[in-house]
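Undergrad: This is what each chain is made of:
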Amino acid sequence: MPDTNFKIYTIKEVTLYIKDKLTSDPGLLNIWIEGEVSNFVHHTSGHFYFTLKDEHSQLPCAMFRWANEDLKFKIEDGMKIIARGSIDVYTPQGRYNLVVSEVHPKGIGELYLKFLQLKEKLAKEGLFDVEFKKPLPRYPNSVGVITSPTGAAIKDILNIMNRRFPSAKVLVIPTMVQGENASEDIVRSIGLLNKYKNVDVAILGRGGGSIEDLWPFNEEIVARAIFDSKVPIISAVGHETDFTIADFVADLRAATPSAAAELVVPDKNDVIRNIAILRETIYQYLFSILRLQNKHFEGVSHLLKPKVLLNRIIQYQQHTDDLTSSLLIQIQHKLEISYGRFNALTEMLDAVSPLATLKRGYSITLKLPEEHAIDTVEKTKEGDEVKVILQDGEMRCNVEKVIRTHGYSGKEALTCKEVKNETEKEDRKEK
Amino acid sequence: MEEEISFEEALKRLEEIVDNLEKGQLSLDESLKKFEEGIKLSKLCNKKLVETQQKVEKLMEKNGKLLTEPLTTE
Chain A
1 MPDTNFKIYT IKEVTLYIKD KLTSDPGLLN IWIEGEVSNF VHHTSGHFYF
51 TLKDEHSQLP CAMFRWANED LKFKIEDGMK IIARGSIDVY TPQGRYNLVV
101 SEVHPKGIGE LYLKFLQLKE KLAKEGLFDV EFKKPLPRYP NSVGVITSPT
151 GAAIKDILNI MNRRFPSAKV LVIPTMVQGE NASEDIVRSI GLLNKYKNVD
201 VAILGRGGGS IEDLWPFNEE IVARAIFDSK VPIISAVGHE TDFTIADFVA
251 DLRAATPSAA AELVVPDKND VIRNIAILRE TIYQYLFSIL RLQNKHFEGV
301 SHLLKPKVLL NRIIQYQQHT DDLTSSLLIQ IQHKLEISYG RFNALTEMLD
351 AVSPLATLKR GYSITLKLPE EHAIDTVEKT KEGDEVKVIL QDGEMRCNVE
401 KVIRTHGYSG KEALTCKEVK NETEKEDRKE K
Chain B
1 MEEEISFEEA LKRLEEIVDN LEKGQLSLDE SLKKFEEGIK LSKLCNKKLV
51 ETQQKVEKLM EKNGKLLTEP LTTE
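Chains A and B, in that order, are what the protein sequence lines are.
At position 217 of the first sequence (counting the first as 1) the number is 217 in our numbering, and the numbers step up by one without a gap.
At position 28 of the second sequence (counting the first as 1) the number is 28 in our numbering, and the numbers step up by one without a gap.
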């Protein structure tokens, strides 16, 4: 604090100055501290207050509600923990303290801290980013399994995969999964997996064990090998509660090896059902297509149906009938005309027939017995018997005398008992 | 249709066929062909699922060469 200007500071000013100094120092920001818990208080506000101590010093700690809400274990006095947080100053009391953001039980010790530090480092590098997760094949042809060929994990995986989807080939890559050289061996196996081209997806894992047993899966070289793998990798390390770095880098995390086997292949019964649905869909489409085509066909074939044809025939028939009847009418008409003419002609004929002349008072004389018409006196002689036909009967006469006259003046006549005879004969001759 | 086609390929093809039919832009002839192929594929897929025995091999590297052999667990 500069001393050149004599000035009396308020406590608040000094305290805020100290606070500013402490909170701006990166060495006091986001640090990991280990110690034993004492004076633990769970305040009604939800905040935790406690003191961390070792054999030399004490550090007041505050863990606010928003930081402690997701805590998986209960903090108790005497418990050894590892806490992460930043140093701050509580101005009302002028006390510095650690504002805790994360705590873990001390039991796991240094390994756990290493885990957390590596996790943070790799997270910052983006190795866990979703964008790098490779999609898994839905129906893998071939599944690699990187694990111990003698462990429990491989048996579980093979059993489940055989039950669910036996058509997927399993390619086991025998690998050491615990011990000093395990991480190198895992890296080598991931390399092998990628060298061998015919693997669609791989499971990397082992059964449960202590944190030391699972440790190879927390090694940085393993994490990088998983990240670099072209073949998608499902991690399956230990039990559900075990999280390793491998789980974060892997394209998919399975809680256990068995769970990995369930995730890596579908259940064949589901697939068979799906195929049945697809087949049913195909049939449905075929039927709908056929129905549609049939409709088109019906549209055309409608014109070819017997009923329609019959209708046409009836129509033509009617037309023919119409034509025929009009023809008949015409013929009748013609006939009528002809008939009229015929009548007229008949009358005319009548008028000129000999019988008609009788009506007008003429007579016809026939020589008996031959009944030859006597149209000239040359055809008769005295004493001949003749028949004279009148309009209403006939007379039998004898020729008394034949008198020849000149020309057809009408002066020449047969002398008959009947005078009429003569005149009739004259008439006929005139015509 | 080849027997060699993998299950995934067969199923993918089957789904494509259904998709094609769904779009309904095929002629009757094409539809019938797709239909026939689809039914064959569905049978093939079923066969692969039902009849295939699980094959388990182990992959190793010996003298820089990759080789596989049947796996014997105990």
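Check before you lean on any hint, since a few could be wrong.
[Stated by the list, open to error] With a cut-off of at most 25 Å between alpha-carbon atoms, the simulated PhoX-like pairs for lysine-lysine come out as follows:
{"hint": "1", "chain 1": "A", "residue 1": "Lys-295", "chain 2": "B", "residue 2": "Lys-23"}
{"hint": "2", "chain 1": "A", "residue 1": "Lys-387", "chain 2": "A", "residue 2": "Lys-367"}
{"hint": "3", "chain 1": "B", "residue 1": "Lys-55", "chain 2": "A", "residue 2": "Lys-195"}
[Stated by the list, open to error] If you want a taste of the chain B side facing chain A, the calculated C-beta under 10 Å gives, among others:
{"hint": "4", "residue": "Lys-48"}
{"hint": "5", "residue": "Thr-52"}
{"hint": "6", "residue": "Leu-59"}
{"hint": "7", "residue": "Met-60"}
{"hint": "8", "residue": "Asn-63"}
{"hint": "9", "residue": "Thr-68"}
In case anyone wonders, no lab produced these hints; they're calculated from the structure.
Backbone N, C-alpha and C define an ideal beta-carbon position, used for all residues, glycine too.
Undergrad: All the hints need checking, so say for each whether the structure fits it.
TA: The hints, checked one at a time:
1. With a C-alpha separation of about 19 Å, the suggested pairing of Lys-295(A) with Lys-23(B) holds against the 25 Å cut-off.
2. The hinted pair formed by Lys-387(A) and Lys-367(A) meets the criterion: a straight-line CA distance of about 6 Å does not exceed 25 Å.
3. Proximity of Lys-55(B) to Lys-195(A) is assessed by CA-CA distance (about 20 Å); at most 25 Å being required, the pair is judged to hold.
4. At about 5 Å, the closest approach between the beta carbon of Lys-48(B) and any beta carbon in chain A falls short of 10 Å, and the interface hint on this residue holds.
5. At about 4 Å, the closest approach between the beta carbon of Thr-52(B) and any beta carbon in chain A falls short of 10 Å, and the interface hint on this residue holds.
6. Hint status for Leu-59(B) relative to chain A: holds, with the closest Cβ pair at about 5 Å, below 10 Å.
7. Residue-level restraint check for Met-60(B) holds (minimum Cβ-Cβ distance to chain A is 7 Å; threshold 10 Å).
8. Taking 10 Å as the C-beta cut-off, the interface hint given for Asn-63(B) is violated, the closest approach to chain A being about 14 Å.
9. Here the hint on Thr-68(B) is kept, as its CB sits about 7 Å from the closest CB of chain A, short of 10 Å.
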